[in-house]
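Hey, can you work out the whole structure from these sequences and the hints?
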Amino acid sequence: DGGITQSPKYLFRKEGQNVTLSCEQNLNHDAMYWYRQDPGQGLRLIYYSQIVNDFQKGDIAEGYSVSREKKESFPLTVTSAQKNPTAFYLCASRTPGQRYYGYTFGSGTRLTVV
Amino acid sequence: LAKTTQPISMDSYEGQEVNITCSHNNIATNDYITWYQQFPSQGPRFIIQGYKTKVTNEVASLFIPADRKSSTLSLPRVSLSDTAVYYCLVGPNSGYALNFGKGTSLLVTP
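Residue numbers (the numbering used here), protein chains in the order written: chain A, 1 to 114; chain B, 1001 to 1110.
Hints listed in this document are in silico derivations from the structure and should not be mistaken for laboratory results.
Hints may contain errors.
Stated by the list, open to error - Capping the alpha-carbon separation at 30 Å, the derived lysine-lysine pairs in DSSO-like fashion look like this: (1) B:Lys1102 with B:Lys1069; (2) B:Lys1069 with A:Lys57; (3) A:Lys57 with B:Lys1054; (4) B:Lys1102 with B:Lys1052; (5) A:Lys83 with A:Lys14; (6) A:Lys9 with B:Lys1102; (7) B:Lys1003 with B:Lys1069; (8) B:Lys1102 with A:Lys83; (9) B:Lys1003 with A:Lys83; (10) B:Lys1102 with A:Lys57; (11) B:Lys1054 with B:Lys1102; (12) A:Lys14 with A:Lys57.
Set out below in structure tokens:
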């Protein structure tokens, strides 16, 4: 089955550590996205990429970094510069140019700072 | 991108029809209206999409008036399992990221 795989499901980070969240899709989608969700809040855009080797900052990019070396993969690194990283992180993909424009989301990674 | 406004929360009893309205006054000609549903600790999932008039699928109906400045998601005969957050998104068919906002939290009770 096609879909988006996020790993790990739960992640614990110590103060001052960088951690990388994985996002892989086998849907052949061109665009990929990272969102952050805090309790009781909506989704806020961190980064997005419309094509390989290109990505743009979203509303809350500070303290995060991404890469898009392959169409299938869009990893997110939470750096030590992100002062409050505890949140639920969602990766999504989408195919522009087709009648069905919907996002497909992964199951999320819950990051906790310990 | 079009800004959307929807109620923060709604309550309903099982078996009732629920209508959630979204306002998008500055919708552009090439924008589509898409609704998503999110359960706790899961990613949102696509419910329905439309451009104008009415769209119906096995899950919901979407009503869009002629001026397209608002839209209404209609959930027929809701059950407890319809308790979720519902997001209204408005945007073009492109790779540009859409703003999910805070959505409408629907609580269905017996």
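Structure-based check of each hint:
1. B:Lys1102 with B:Lys1069: holds (19 Å)
2. B:Lys1069 with A:Lys57: holds (29 Å)
3. A:Lys57 with B:Lys1054: Roughly 35 Å separates the two Cα atoms, so the pair is violated.
4. B:Lys1102 with B:Lys1052: Holds, because 24 Å separates the two Cα atoms, which is no more than 30 Å.
5. A:Lys83 with A:Lys14: holds (12 Å)
6. A:Lys9 with B:Lys1102: Holds, at roughly 23 Å.
7. B:Lys1003 with B:Lys1069: Measuring from Cα to Cα gives roughly 11 Å; hence the hint holds.
8. B:Lys1102 with A:Lys83: Given that 30 Å is the threshold and the Cα spacing comes to 23 Å, the pair holds.
9. B:Lys1003 with A:Lys83: Since the Cα atoms of B:Lys1003 and A:Lys83 sit roughly 29 Å apart, the hinted pair holds (cutoff 30 Å).
10. B:Lys1102 with A:Lys57: holds (20 Å)
11. B:Lys1054 with B:Lys1102: Within the cut-off at roughly 25 Å; holds.
12. A:Lys14 with A:Lys57: holds (25 Å)
Checked against the numbered hints above, the structure violates only hint 3.
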